[in-house]
Amino acid sequence: MSDVQHGRIAPEATPAEVDREQPEAGFDAVFAPYFSGLREGRLRVQWCTACGRHQWPARSVCTGCHGDGVEWVDVAEPVGTVFSWTVVHHTKGTPFASTSPYAVALVELEKEGVRMYAHIPEHVDLAIGGRVAIDFVKETVTGYPTWRILDTSPYD
Amino acid sequence: MTSAVRDRVALVGIGSTAFTRRSGVGVDKLAVEAATRALADADLEPSDIDGVVAYPSGARAEDLVVPMGLENVAFSGTVQIGGASGVASLQLAASAILSGLASTVLVFIARNGSSESRISSRISSILPSPQLREAFEHPVGLYTPAQQYSIICRRHMHEFGTRRGDLAEVALTMRDNAQLNPDAQMYGRPLTMQKYLESRPIAAPYLLADCCLETDGGVALVLRGADEVSDPGRAVYISGMGEGRPPSGDDLSNRDPYFDVGLTYAAPRAFEMAGISVDDLDLAFIYDCFTFEVIHQLEELGVCERGEGGRFVREGNIRRDGRLPVNPHGGLMAEGHMGGLNHVAEAVRQLRGEAGPRQIPGARRAAVTGWGDFGDGSIAVLTGSGEVPLAGHSVHASAAGEGSRS
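Protein chains in written order, with the working numbering: chain A, 1268 to 1423; chain P, 96 to 501.
In case anyone wonders, no lab produced these hints; they're calculated from the structure.
Just to be clear, a hint being listed does not mean it is correct.
Stated by the list, open to error - Chain A is nowhere near these chain P residues, computed Cβ spacing over 12 Å in every case:
| # | residue |
| --- | --- |
| 1 | GLN274 |
| 2 | ASP326 |
| 3 | TYR360 |
Said to hold, decoys possible - Chain A side only, calculated, beta carbon under 8 Å to chain P, not exhaustive:
| # | residue |
| --- | --- |
| 4 | CYS1315 |
| 5 | ALA1317 |
| 6 | TRP1323 |
| 7 | THR1348 |
| 8 | TRP1352 |
What the hints assert, rightly or not - Stretches of chain P that chain A covers, calculated by requiring three or more beta carbons in the stretch to come under 8 Å of a beta carbon on chain A:
| # | segment |
| --- | --- |
| 9 | 149-160 |
| 10 | 177-186 |
| 11 | 230-236 |
| 12 | 285-299 |
The model shown is predicted, which means the values in this text are computed figures rather than measured ones.
Here a beta-carbon is modelled for each residue, glycine too, at the ideal position from N, C-alpha and C.
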C-alpha cells in the first residue's frame, strides 16, 4: 500500500496532534482538524474517547454516548471498500459542471468501520466490493483529494 | 390513546391550480387560487379558517393569509422534514384541531418549483445539518437528492437483485396512470420502455425518466374535526398518521441499518392508530420523487418484505388493476411534484368515489406516504366516509365515548 500513502500517512492510527491554531467558532472549529489533515496529506476521522468508537460524519458530540469526548485520529490506511456509488452526469451550476461524468462512492474504511463519500474521476471499473485508495496528489476542482480504484469487485 | 385520534379529523375540501412548467404568476396567486377552490369544495368561507399550515418551501403562510384576507387565523405552523412535510402537515393540523387551538385548518403548498426555485437551488436552504453538506458532500461533488438516493438504489440492486426493469416499471406505471388524468403534466405523453431507456442519465442508475417533475402550482386541503363535518358523505377521515426519522437522520453515509427510513418507524404507529393492517389498504399513494423510492417505501410500509419491492412491482402489483394500485393520478413523476399534497388530494377524490375514469373500484382505505431530506418519512391512513362508523351522526355521541371512534 505504500504507493497510495505518499509517505505521509502514519501506518497505525494514533490520536492526531490537533492543530490548535483555529480560532473560529462553531462547526468550522469542529471540522478544522479534518481540513488541516487533508492539507498535510492525512485522512482523519473522529474517535470517541469515552466509548472507543470511530464516528463519521464529524459532529460536536458522540452519537453513541452523547458525550463530547470526540477527538481526531489519522485513518490507519486510507484505503476502503466500495459500499455503493453514483455516477453524476447532471451537475449544472456547481464547480463540477465541466468535470462530469464522475463518480461519488460511499467508501467503507475497513479498520475504522465508518463510511465516507469519495470523489472518483476514473470510474469505469468501479464496483461494489472493490477497493479504492485516496489520492492526495490528484485534486478535485474544489481542491480536495480524489480517490482511485485499486482493484475491482470480488462480485464481478 | 390512539383511539382518541382515529377518525376524529376529516379532510373536507381539496383544491388545486393547474400544474405547469411555468406558471407565470407569483406563489401568492397560486396559493389563493388553490385555497379558494378548496374552500369552495368544502362549502366554507375564508373567515372559517382559523389555522394555516404552509409547506416548508414556496409560499409562506403570509403569502396566503394576507392576499386572501384570512382574518381569523389563530394557529400556524410548518413542518421541517423536506418532502415528508406535506403529509406530516396533516398531523400538525389534526393536533391543532384535536387540542381545540383551531377548528378549521388549511394546509397548502404553492410553489414555482420549475420556473423559480428548482431543486438544486432549493435544497441548500432547507436541508438539515447544512454544515455536513458543505464540509463533506459538496466538496466531493455530491449535491442533489437524485445523487444521494441513487447510491441507496445501487446498494439495493446489489443486495437484493433489484433491476433496471423494476425502476422502469414504476416510471411506466406512473406515466400510464397519467393518461387518464387531464390535469397531469404528462397527460397525452405516454412513455415506452425504449423512451425510458433512452432518457439521459442524471445520476446513474437514475435516468431522467426515473425522476419526478419539477412543477409550478399549488394544492390546498381543508381539515376539520369530524364533529364539524357538514357533508359527511364527502368527508375523508384521518384514521392514522405519523412521522418518523431513521437512525443518522441527517446523513445517509453511516446509517445503520442502512435501509431504514422514517417510514420504517412511522408506518407501524399509523396502522396501529388506525386499527388496520397494511393488507386492508385498497390503494396507496407513495411519494415518488424517484422510481426506486417507490420500491423502497413499499417495503418499509410493510406491503412486502425488505428486498422484495423490486419483485413486487415487477409482477404488476402497483398497476391500476394490480394488488395495490399506486398513485392512480400519475404521482409526482407524471402529474407533478407538489410536495405530496397532490397525493392527498387524489386520495380524497378516490375515497369519495369522484375520480372519474381513473376511479379505483371499491376504494375505501388508502395510505399516503411522504419522503424527505435524508429519508425522513410521514404517513396518513385515510378512510372514506362509508367505512367510518358514526360518520354524520351526532357530535355528542362520539364525544361521549360511544362507538368505535371514541
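Quick rundown of the hints versus the structure:
1. Even its closest Cβ contact with chain A, about 27 Å, leaves GLN274(P) beyond 12 Å, as expected for a residue assigned away from the interface.
2. No beta-carbon of chain A is positioned within 12 Å of the beta-carbon of ASP326(P); the least distance is around 47 Å.
3. For TYR360(P), the requirement that its beta carbon stay farther than 12 Å from each beta carbon of chain A is met, with the minimum near 17 Å.
4. The criterion of a C-beta within 8 Å of any C-beta in chain P is not met by CYS1315(A), whose closest approach is roughly 14 Å, and the hint is violated.
5. Checking ALA1317(A) against chain P by beta carbon gives a least distance of about 19 Å; that is not within 8 Å, so the hint is violated.
6. Annotation: TRP1323(A) was flagged as interfacial toward chain P, and the flag holds, the nearest CB pair being 6 Å apart, inside 8 Å.
7. Taking 8 Å as the C-beta cut-off, the interface hint given for THR1348(A) is violated, the closest approach to chain P being about 12 Å.
8. Against a cut-off of 8 Å between C-beta atoms, the interface hint on TRP1352(A) holds, since the closest Cβ of chain P lies about 6 Å away.
9. Three residues within the 8 Å Cβ limit are the bar, and the segment 149-160 of chain P against chain A gives 0, so the coverage statement is violated.
10. Check on the segment 177-186 of chain P: 0 of its residues sit with their Cβ under 8 Å from a Cβ of chain A, so the three-residue criterion for coverage is violated.
11. Only residues whose beta carbon comes within less than 8 Å of a beta carbon in chain A count, and the segment 230-236 of chain P has 7; three or more means the coverage holds.
12. Coverage of the segment 285-299 of chain P by chain A holds in this model, with 5 residues showing a Cβ closer than 8 Å to a Cβ of that chain against a need of three.
In this structure, the earlier hints numbered 4, 5, 7, 9 and 10 are contradicted, and the remaining ones agree with it.
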